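Number of protein chains: 2
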Amino acid sequence: MRCGVDVGGTTVKLGFIEDKKIIDSFSIVTKKESLFDDVFKKIKEYVLDKNIILDEIGFGIPGIVRNNYIVRMPNVGIGDINLDEIAKRYFPNTKIKSSNDANCAALGEAVCDDENVNSSYFITLGTGVGGGYVYDGKVVDGVNSACGEIGHMFIDYIHNFKCACGLNGCLETVTSATGIVRLAKKYYSQFKTSIPEEMSAKDVFDKAKENDELGIFVLNMVSEYLAKALAALAVVVDVECFFIGGGVSKCGQILIDNIQKYYDKYSFYAVKKTKIKLAKLGNDAGMIGAAYL
Amino acid sequence: MRCGVDVGGTTVKLGFIEDKKIIDSFSIVTKKESLFDDVFKKIKEYVLDKNIILDEIGFGIPGIVRNNYIVRMPNVGIGDINLDEIAKRYFPNTKIKSSNDANCAALGEAVCDDENVNSSYFITLGTGVGGGYVYDGKVVDGVNSACGEIGHMFIDYIHNFKCACGLNGCLETVTSATGIVRLAKKYYSQFKTSIPEEMSAKDVFDKAKENDELGIFVLNMVSEYLAKALAALAVVVDVECFFIGGGVSKCGQILIDNIQKYYDKYSFYAVKKTKIKLAKLGNDAGMIGAAYL
Chain A
347 MRCGVDVGGT TVKLGFIEDK KIIDSFSIVT KKESLFDDVF KKIKEYVLDK
397 NIILDEIGFG IPGIVRNNYI VRMPNVGIGD INLDEIAKRY FPNTKIKSSN
447 DANCAALGEA VCDDENVNSS YFITLGTGVG GGYVYDGKVV DGVNSACGEI
497 GHMFIDYIHN FKCACGLNGC LETVTSATGI VRLAKKYYSQ FKTSIPEEMS
547 AKDVFDKAKE NDELGIFVLN MVSEYLAKAL AALAVVVDVE CFFIGGGVSK
597 CGQILIDNIQ KYYDKYSFYA VKKTKIKLAK LGNDAGMIGA AYL
Chain B
347 MRCGVDVGGT TVKLGFIEDK KIIDSFSIVT KKESLFDDVF KKIKEYVLDK
397 NIILDEIGFG IPGIVRNNYI VRMPNVGIGD INLDEIAKRY FPNTKIKSSN
447 DANCAALGEA VCDDENVNSS YFITLGTGVG GGYVYDGKVV DGVNSACGEI
497 GHMFIDYIHN FKCACGLNGC LETVTSATGI VRLAKKYYSQ FKTSIPEEMS
547 AKDVFDKAKE NDELGIFVLN MVSEYLAKAL AALAVVVDVE CFFIGGGVSK
597 CGQILIDNIQ KYYDKYSFYA VKKTKIKLAK LGNDAGMIGA AYL
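Respectively, the protein sequence lines represent chains A and B. Residue numbers for the first sequence follow this note's numbering, so the first one is 347 and each next one is one higher. Residue numbers for the second sequence follow this note's numbering, so the first one is 347 and each next one is one higher.
In short, the hints are calculated from the structure, not lab data. Predicted, not measured: the structure shown is a model, and the values here were computed from it. Take the hints with a grain of salt, since some may be wrong.
Same chains, same label: a pair holds when it works inside one copy or across any pair of copies.
In silico EDC-like pairs for lysine to aspartate or glutamate, Cα to Cα no more than 20 Å straight-line [as the list claims (entries may be wrong)]:
id : residue 1 : residue 2
1  : K532      : E431
2  : K441      : D365
3  : K443      : D482
4  : K396      : D365
5  : K484      : E586
6  : K607      : D630
7  : K508      : D610
8  : K596      : D630
9  : K621      : E586
10 : K366      : E402
11 : K366      : D384
12 : K619      : D365
Bound-form chain A, shown alone (with noise of 0.2 Å):
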C-alpha cells in the first residue's frame, strides 16, 4: 500500500492507493501551524487501524521543494521545512518523496492512463497554467524546480498582455481561466453573444458549446495558442502523449478537438501523431502521483 498527499492551501487530501486504485482517502483542513504533523497523525491512525503497511508515502507541494525540503508554499504561506525531520518521528522506516503538486498530478495521470505511457507531458488549466514532464515513467523536476512552469512561455505576440510573472504574452495570459475570460472581455463587443457580462471561462466555454460567437471565437483562439505551445513542447521532448487537465478542462473533448486541429496545422511532420488526451482524475491527479512518486 502507498500513500499519496496532495497539500493545497485550504486542505489537504490523503490517499491510500493500491494497484492505481484509491481504497480510502481523507481531507484535513490546511492549518500551517501543524499541517505535517496532522498529516502523519493521519495517516499513522489509518495504518494502525487497518493494520497495514505502507511502502511510501508521498507528498505533492503546491510550491518550490527538493530532496524533502520545502522552500516556500506560496499559497500556505510557509516554507523551511523539512520533510525528513518531521517524518522520520512518525514513520522511521518508511520511504518518503515529494515533487511539486502539478508534477505528481502529471505522474497521476501518466501511471493511470489505459496506455501505460512511459513519457508525457502534463498541462493543468486553472487559475494558472502549469505543468509536469514524466521521463522513462518518472517525474522530471528540473534543476530549478521549475520543469513544467510552462505557462511563461512566450506564445501570444498579438495582445502581448502583461502576466504576473513580469513577462509579457505568456501562454497563461491567455489559456488560463482568467486569460480566457480576459479574451472574451476584450472582443465582446465585437461579436453577438449570450455570455454574460460579468462571465466565467466556463461561461465562455459553455456558450461555445452552444455555438455563440463569441464563445467560439474565444475557444479556438484558446485551442490555437495551446496547440503552438504543444507543438513547441513536441519538437522540445518528443512524448508520446499531452495530457490537458485542470479546471478549464472541464469543458470535455470539445476543446481537445479543438486543440487538436490546429496542432494539426502548427506541428512539425515527425510529432503529428503525438496523441492529445483529456486528463481523467481531476482532483485525484495530484494525490495518485504522489503515491507513485
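Use these hints to put chain B onto chain A, whose structure you have.
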C-alpha cells in the same frame, strides 16, 4: 577504451576514446555500398594492431535510428539497416549503441564540460538548426526520434518565412546560416554596410564584430530569436545549461553574450541563472558523444 563513430554524408569519422580524450581518430570516405562494413573493418584493424579491448562502439547517425535500426539517412541515401546484425559479424561481444548525430554532439558537450553537467540542451546552428537533450547524463531520443528538432519551433511571427519543413516562422528560418543570410539580405538596403551582397553567415557576423550596422542589427535579431527559444526550452525542461554549437557559433563569445542579453529579458525568473555556453568540441562532439552513448 570506447569507439565513437560519427557518420556523415561525405566522410565517417571514428575515434578511440579513453577518459574523454581522443587517443586516435580516422576519417573514412562514405561509400553507401559498404559504409558500416568499412567502419567495422577499420575498427577491427585498429583493435588488433593495438591489442586493446573495446567496451563499446557508439554511432552518431544523420537520420532516424531506433534500437540500432537505422530507418533512413537522407544525406547518405541509404536506410533500413540493422546495425546489430552487421556488428555481430565483427564484434559479437561488444556493446553497440546508436543515436541521432545531434544527440551525440549534445552528449559529447555534456560529458566533456568542466562542470560535469547532468542535464543540458544543445543547439547546433549550421545549414539547419537542430539540437539534442541530455537528461540524467543520457541522451533523450524521444518517442519519434524527434527530440531536439527545435529548428522547427515556431518563433518568428515578424517575417514568418516559409521553412523547408513546410511550416512557417521556424527557428531555423532565422538562425541557421541560411537564415542569417536571409535576414541580412532582407535588411540590406536599410543600413550602411560593408558586407558584400553575395555574403555568407560568417561575413555577416565578422562584420558585426567590426561594428558594421547591418551586421550588428542581424546579430541582435538572431540572438533575440535564439534567446526566446532558450527561454521556452528553459521552462519546458529546466536544464542546467545550454550549449550553442555548429558552424554559426564559430563567431564566438559575442554571440553568446548577445543571446544572454536577450535571455535575461525574456526568461522566467526561476530559470534566469541557466547557463548559456559556447560548445567547445566542434566537429569532434558527435564522435565523442557517440562513444559515451
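Intra/inter-copy verdict for K619 and D365 if alpha-carbon distance must be at most 20 Å: neither (29 Å within a copy, 40 Å between copies)
message: My question is about K607 and D630: at a cut-off of 20 Å on alpha-carbon distance, are they close within one copy, between copies, both, or neither?
response: Neither way: K607 and D630 sit 29 Å apart in one copy and 42 Å across, limit 20 Å.
task: Give the relationship of K532 and E431 under a CA distance limit of 20 Å: within one copy only, between copies only, both, or neither.
output: Neither: 50 Å inside a chain and 62 Å across chains, both beyond 20 Å.
- prompt: Is the C-alpha distance from K508 to D610 at most 20 Å within one copy, between copies, in both cases, or in neither?
  reply: between (29 Å within a copy, 17 Å between copies)
- request: Measure nothing new, just compare the shortest in-copy and cross-copy C-alpha distances for K621 and E586 to 20 Å and report within, between, both or neither.
  value: This pair counts as within: shortest intra-copy Cα distance 7 Å, inter-copy 29 Å.
Intra- versus inter-subunit Cα pairing at 20 Å for K441 with D365: within (18 Å within a copy, 36 Å between copies)
query: Using 20 Å as the alpha-carbon threshold, which applies to K596 and D630: within, between, both, or neither?
result: within (14 Å within a copy, 51 Å between copies)
- request: Using 20 Å as the alpha carbon limit, work out where K366 and D384 are close: within a copy, between copies, both or neither.
  value: neither (25 Å within a copy, 51 Å between copies)
message: Reference check for the pair K484 and E586, CA-CA at most 20 Å: within, between, both, or neither?
response: both (14 Å within a copy, 19 Å between copies)
- request: Can you give me the call for K443 and D482, within, between, both or neither, at a CA distance of at most 20 Å?
  value: Result: close both inside a copy and across copies, 17 Å intra and 18 Å inter.
- request: Indicate which option fits the pair K366, E402 if close means a Cα-Cα distance not exceeding 20 Å: within, between, both or neither.
  value: This pair counts as within: shortest intra-copy Cα distance 14 Å, inter-copy 39 Å.
- prompt: Given a CA cutoff of 20 Å, do K396 and D365 count as a within-copy pair, a between-copy pair, both, or neither?
  reply: within (17 Å within a copy, 55 Å between copies)
In summary, the numbered hints that this structure violates are 1, 6, 11, 12.
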